[in-house]
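Chemist: Residue numbers (this note's numbering), protein chains in the order written: chain A, 1 to 328; chain B, 1001 to 1471.
For the record, the hints were derived by calculation from the structure and aren't laboratory data.
Just so you know, not all the hints are guaranteed correct.
To be verified - Beta-carbon label-pair distances, calculated as ranges:
#	chain 1	residue 1	chain 2	residue 2	range
1	B	E1161	A	L307	51 to 59 angstroms
2	B	L1362	A	E142	31 to 39 angstroms
3	A	T103	B	L1234	40 to 48 angstroms
4	A	E142	B	I1011	24 to 32 angstroms
5	A	G35	B	W1125	44 to 52 angstroms
Backbone N, C-alpha and C define an ideal beta-carbon position, used for all residues, glycine too.
Read off the chains here:
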Amino acid sequence: MVMFWVSLLTISILLYVLLDGVDLGVGLLFGMAKGEARRGAMLSAVAPIWDGNETWLVVTAVILWGAFPVVYATLLSAFYLPLIVMLLGLILRGVAFEFRYKTQRLRWIWDLSFAGGSLIATFIQGMTVGALVEGLQFTNGEYSGGEVGWLTPFAVLCGIGLCLGYALLGACWLVRKCHAEVRDIARRQIPMLAIGVLAFLVIVFAYALVEHLPILHRWVDRPYLFVFPAIGAVAATVLALSILNHNDYWPFYMVALIFLSAFGTLALSFWPYMIPFVITVDAAAAPQSSLRFMFWGGAIVFPLMLLYTVISYSVFRGKVRTTDGYGH
Amino acid sequence: MDMTALFLSRIQFAFTITFHIIFPSFTIGLAAWLTVLETLHLRTGRTVYQVLFEFWLKIFGVAFGLGVVSGIVMAFQFGTNWSELSKMSGPIQGPLLMYETFTAFMLEASFFGVLIFGRSRVPPWFYLFSTAMVALGTTFSAFWIMVNNSWMQVPTGYVMENGMFVPNDWSKIIFNSVVWSRFPHMLLASYLTGAFCVAATGAWYLLRKVYHAESRIMLRMGLGLAAVLMPIQLLFGHLVGGYVNTYQPSKMAAIEGRWNDEKPGSEVLFAWPDVKNRRNLFEIKLPAPFGSLIDSDSLTAGETGLNSIPPENWPPVVVPFFSFRIMVGCGLVMLGLAWLGTYLSFKHRLAYIRPMLWLTFLSFPLPFIAIITGWFTAEVGRQPWVVFGVLRTADAMTPFLTTRAATISLVIFCAVYAFIFLFGTFYIYRLIRTGPRGMLFETPHLAVPNRPMSLADDEQSQEPSYVSAGE
Chain A
1 MVMFWVSLLT ISILLYVLLD GVDLGVGLLF GMAKGEARRG AMLSAVAPIW
51 DGNETWLVVT AVILWGAFPV VYATLLSAFY LPLIVMLLGL ILRGVAFEFR
101 YKTQRLRWIW DLSFAGGSLI ATFIQGMTVG ALVEGLQFTN GEYSGGEVGW
151 LTPFAVLCGI GLCLGYALLG ACWLVRKCHA EVRDIARRQI PMLAIGVLAF
201 LVIVFAYALV EHLPILHRWV DRPYLFVFPA IGAVAATVLA LSILNHNDYW
251 PFYMVALIFL SAFGTLALSF WPYMIPFVIT VDAAAAPQSS LRFMFWGGAI
301 VFPLMLLYTV ISYSVFRGKV RTTDGYGH
Chain B
1001 MDMTALFLSR IQFAFTITFH IIFPSFTIGL AAWLTVLETL HLRTGRTVYQ
1051 VLFEFWLKIF GVAFGLGVVS GIVMAFQFGT NWSELSKMSG PIQGPLLMYE
1101 TFTAFMLEAS FFGVLIFGRS RVPPWFYLFS TAMVALGTTF SAFWIMVNNS
1151 WMQVPTGYVM ENGMFVPNDW SKIIFNSVVW SRFPHMLLAS YLTGAFCVAA
1201 TGAWYLLRKV YHAESRIMLR MGLGLAAVLM PIQLLFGHLV GGYVNTYQPS
1251 KMAAIEGRWN DEKPGSEVLF AWPDVKNRRN LFEIKLPAPF GSLIDSDSLT
1301 AGETGLNSIP PENWPPVVVP FFSFRIMVGC GLVMLGLAWL GTYLSFKHRL
1351 AYIRPMLWLT FLSFPLPFIA IITGWFTAEV GRQPWVVFGV LRTADAMTPF
1401 LTTRAATISL VIFCAVYAFI FLFGTFYIYR LIRTGPRGML FETPHLAVPN
1451 RPMSLADDEQ SQEPSYVSAG E
């Protein structure tokens, strides 16, 4: 039963990162884009899906609370300020989607809140993962790191890394969904972003070596973990080839695969801990009576949510027509 | 324990949840109203129902969007500010909120897309079905939230193990009389909110002498529905009072401004509770046994006073005392308006009595005020407990939360919420001011679901035709 909820939690987090990563990434690139035509096309590429994507964050939060209450309580309270700022960033980018078309004069406010909200949310998500990898300060199972215990150079580095990663994901999505200028610019951005992500990974690895991060021991103990970087390397190669061949379809999936391998790496190096080296999956699991009650939601309703996501994406498959305005 | 951080956390939770509840209570009612309109449209084939449907769908979209973005915050705030509570009650509250997310979000999100962009793509019966499913989704959401909150009011079906509330009887948690009096109370409140907003909109148009056909339907249906639901709401309100009297004597004593045990009890109508000296100033009250009659449905029952409850277990008496009276006052005014308006509407005189139209128009804040003060009564009246009788609010807070962090978060919450609230309500106001303009089959170029607020988009470009009348 515990493993069942670990799997659903994993799927939800992964879906959130891959799906909302796309529109947060487009939000980051949006901040650098000039001209209403380009900006409009970029928005249209994610407009139908962003809200559904964000819902996976709520799904993740409630699974965490229901199935692993200790982890929910510990992480959310430890990351108090960054989480609240992230939520407000998500709100600002969410309403900006809608409000920017209701005004001409004040559109710059909403453009700013769209790009800024995406940047804040992405950076904080990367930073929290970084802080988790590096390890928060705990005393007898209670967080004791203080208000800014998560703020370390390594965490900031991870925040920047995720910005690059999401931007790469967003650029690939634009290549896939858009035509003409928007696609071409995005395609030119991909190599730079990809190199940036690669450089980031190298720096992270070097940092982990130098600082003797405890998570590194996992790699010595579990050599099979190297299968993930291998997958990532293959995906990166295919990505490079597909960019050279001007293929619109493959880059997105290759970057998704890179994300998947990074996620798999992290998840398996954490295992069996949910908060590394402090709380294990089994110690965090809710009582059986809770998990059994939740089971029906996971077994019946969760697949329905997946089905809805599939339907939503298939309804809006294909390229965004350049003539399409944003509903006006 | 940082007492200032505790106070700020309570303010923050109260602020964010008060902001949030405005929108769901409006959209639950509107979703039901849309279902009724679409049914009528299909049954009668009259276009006026469709005009109304399209018009209210736009308003629904904006309000729904604000409800969604402010709702996401709630899923996190239990963990950020109340980590001890979420650790202890996670095994019960977590699964309940999980079911809310899974059942309600799914229905709402998928069928909302059909509702907005699918008119031309699906058969009429399926369109009606989708409307009903959105209404059902909002209802599910309300249901799970009420189960969750009712458990915090009257915890049941659990044992304490290792400092956790471990559920041992889910049927007790979900199917108990507290849930099943409070859930209808909230649902009816939402329907009444929808009804009064619809009626007020109709009255506004009649005052401005525009949209005659539509506004008569809105007035008649809004007030008529309220006329039927208001007495039922009062009944359920009375049932909710019954659970408070049984399980939360401290809240009841505060609501009633009752200091001493009485057998049978009297009923304080108005007063100024003087908490320091444990008495009421300027008191107007009905003699015994009215208090026992109202609280316990009995002529002889004894009623508990605050003096027999230790002061450390008192709620802040003044808040529930007044918020309860404001709620009941709003309810009684709404009842009077609904009955009088429906009577006049049967006599075909309502449209010509301008003072009555003004009263109806100005009544739209009443259901919102009633809902918010009702929740203040329930939540402030529950203090000092977060899980009534078991866990104190002070012990539920994140132990290491500092005043500085709580101040920063509260300030930025206020700033951002004020910002989006002003713009959101301004767009709703502009939609309503512009009115139903008979845009029947409006299909956006790019069919885009999951984008609630985009519905208000096209108002900018087109100048409203004849809104200036009466402004």
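Chemist: Of the numbered hints stated earlier in the document, which are not met by this structure?
Modeler: When the structure is compared with the hints, numbers 1, 2 turn out to be violated.
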